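Given the coordinates of chain A, assemble chain B onto it according to the supplied hints.
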Amino acid sequence: MTRSDIEQQPLITLTPAVSIVESKDAFLVSLDIPGAQKERISVNVEHQLLSVTAEVPAQGENAGKQYRREFTLANDIEPQSADAHYELGVLTVTLRKKEQFKPKQIHIQ
Amino acid sequence: MLVRFRQVPDITDHFDAMLRAAVIPPSTANTMERRVRNSGFSALEDNDQLTVTVELPGVAKNDVAVNVHEGHLTIKAERKRPELKEQEHWIRNEMNYGTYERTLRLPYAVDVEKVSALHENGLLTVVLPKHEVAKPKQITVR
Numbered sequence: 105m106t107r108s109d110i111e112q113q114p115l116i117t118l119t120p121a122v123s124i125v126e127s128k129d130a131f132l133v134s135l136d137i138p139g140a141q142k143e144r145i146s147v148n149v150e151h152q153l154l155s156v157t158a159e160v161p162a163q164g165e166n167a168g169k170q171y172r173r174e175f176t177l178a179n180d181i182e183p184q185s186a187d188a189h190y191e192l193g194v195l196t197v198t199l200r201k202k203e204q205f206k207p208k209q210i211h212i213q
Numbered sequence: 134m135l136v137r138f139r140q141v142p143d144i145t146d147h148f149d150a151m152l153r154a155a156v157i158p159p160s161t162a163n164t165m166e167r168r169v170r171n172s173g174f175s176a177l178e179d180n181d182q183l184t185v186t187v188e189l190p191g192v193a194k195n196d197v198a199v200n201v202h203e204g205h206l207t208i209k210a211e212r213k214r215p216e217l218k219e220q221e222h223w224i225r226n227e228m229n230y231g232t233y234e235r236t237l238r239l240p241y242a243v244d245v246e247k248v249s250a251l252h253e254n255g256l257l258t259v260v261l262p263k264h265e266v267a268k269p270k271q272i273t274v275r
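Residue numbers (this note's numbering), protein chains in the order written: chain A, 105 to 213; chain B, 134 to 275.
In case anyone wonders, no lab produced these hints; they're calculated from the structure. What you are looking at is a predicted structure, and each value in this text was computed from that prediction instead of being measured. Don't take every hint at face value.
What the hints assert, rightly or not - Quick look at which bits of chain A chain B covers, simulated, 3 or more residues with Cβ under 8 angstroms:
id, segment
1, 116 to 126
2, 138 to 148
3, 160 to 166
4, 188 to 196
What the hints assert, rightly or not - Cβ-Cβ distance ranges computed for the label pairs, FRET-style:
id, chain 1, residue 1, chain 2, residue 2, range
5, B, E203, A, A167, 24 to 34 angstroms
6, B, N229, A, H189, 20 to 30 angstroms
7, B, R225, A, L115, 19 to 29 angstroms
8, A, Q184, B, D244, 48 to 58 angstroms
9, A, E174, B, T232, 39 to 49 angstroms
10, A, S146, B, D181, 11 to 21 angstroms
11, A, L115, B, A176, 27 to 37 angstroms
12, A, Q163, B, A193, 17 to 27 angstroms
13, A, S155, B, D181, 38 to 48 angstroms
14, B, E234, A, Q184, 38 to 48 angstroms
15, B, T207, A, E150, 38 to 48 angstroms
16, A, N166, B, T207, 41 to 51 angstroms
17, A, Q152, B, E216, 28 to 38 angstroms
Said to hold, decoys possible - So the derived list for chain B, only partly shown, Cβ under 10 angstroms to chain A, looks like this:
id, residue
18, G173
19, L177
20, N180
21, V187
22, G191
23, V192
24, A193
25, P215
26, K218
27, S249
From the three backbone atoms N, C-alpha and C, an ideal C-beta is built for every residue, glycine too.
So here's chain A without its partners, still in its complex pose:
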């Protein structure tokens, strides 16, 4: 097998496990993506669609892996607010709720 044959091996596509937590003003979407470098993870929010892709390159005899998962966002989420961090192989995307959808406490006078 030549070097270029190895490089042309297809990636294995995996659907990462997800957990979603709702808080008062945001949703936290966490995905298991073990072994990725931060630079190889991409998080995109476009047209109410959150898409996450990540690549873990092949190592030795271990084939490369591609993680991919998409979520349609309901309209109470502020798409511009998304931010993400990666720790211990878990990517967490924070999606904040639009102001008018946050719970409010109303003081009765």
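Below, chain B without anything else, positioned relative to chain A:
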């Protein structure tokens, strides 16, 4: 007196919408077979060492223990369920929590003093260098 008024659209609809297009399922049988083979554990041998990798996402370094004893490698790990703060609740959770344990019988003598383990980005890598007696040697034919 305080009244809490929750102005959120029907939450069920909300997350149904969020999850409807959520999964892009791997569509071929071939992919399924590959997923099984890639269960997150691998052990690769070369002339000098054995490299064992285990995917342990969400596991803190302090919750991983690696032991080499009597020709066996044992890996123990615990993934703790995150504690939710007040006013937080789960919408969905597909992750597995609890303990992981796996023991591998080592196929040859390893140099125990030189075994190293690294837990990075949710991936544990244990490198077990072969003991000199276990390394392949080229014998010169005279």
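Here's how the hints hold up against the structure:
no. : hint                                : result
1   : 116 to 126                          : holds (count 10)
2   : 138 to 148                          : holds (count 4)
3   : 160 to 166                          : holds (count 4)
4   : 188 to 196                          : holds (count 4)
5   : E203/B - A167/A: 24 to 34 angstroms : 33 angstroms, holds
6   : N229/B - H189/A: 20 to 30 angstroms : 22 angstroms, holds
7   : R225/B - L115/A: 19 to 29 angstroms : 26 angstroms, holds
8   : Q184/A - D244/B: 48 to 58 angstroms : 55 angstroms, holds
9   : E174/A - T232/B: 39 to 49 angstroms : 32 angstroms, violated
10  : S146/A - D181/B: 11 to 21 angstroms : 36 angstroms, violated
11  : L115/A - A176/B: 27 to 37 angstroms : 22 angstroms, violated
12  : Q163/A - A193/B: 17 to 27 angstroms : 23 angstroms, holds
13  : S155/A - D181/B: 38 to 48 angstroms : 42 angstroms, holds
14  : E234/B - Q184/A: 38 to 48 angstroms : 44 angstroms, holds
15  : T207/B - E150/A: 38 to 48 angstroms : 46 angstroms, holds
16  : N166/A - T207/B: 41 to 51 angstroms : 22 angstroms, violated
17  : Q152/A - E216/B: 28 to 38 angstroms : 31 angstroms, holds
18  : G173                                : 7 angstroms, holds
19  : L177                                : 5 angstroms, holds
20  : N180                                : 13 angstroms, violated
21  : V187                                : 9 angstroms, holds
22  : G191                                : 5 angstroms, holds
23  : V192                                : 7 angstroms, holds
24  : A193                                : 7 angstroms, holds
25  : P215                                : 8 angstroms, holds
26  : K218                                : 7 angstroms, holds
27  : S249                                : 16 angstroms, violated
The structure fails to meet hints 9, 10, 11, 16, 20, 27 from the earlier list, while all remaining hints are met.
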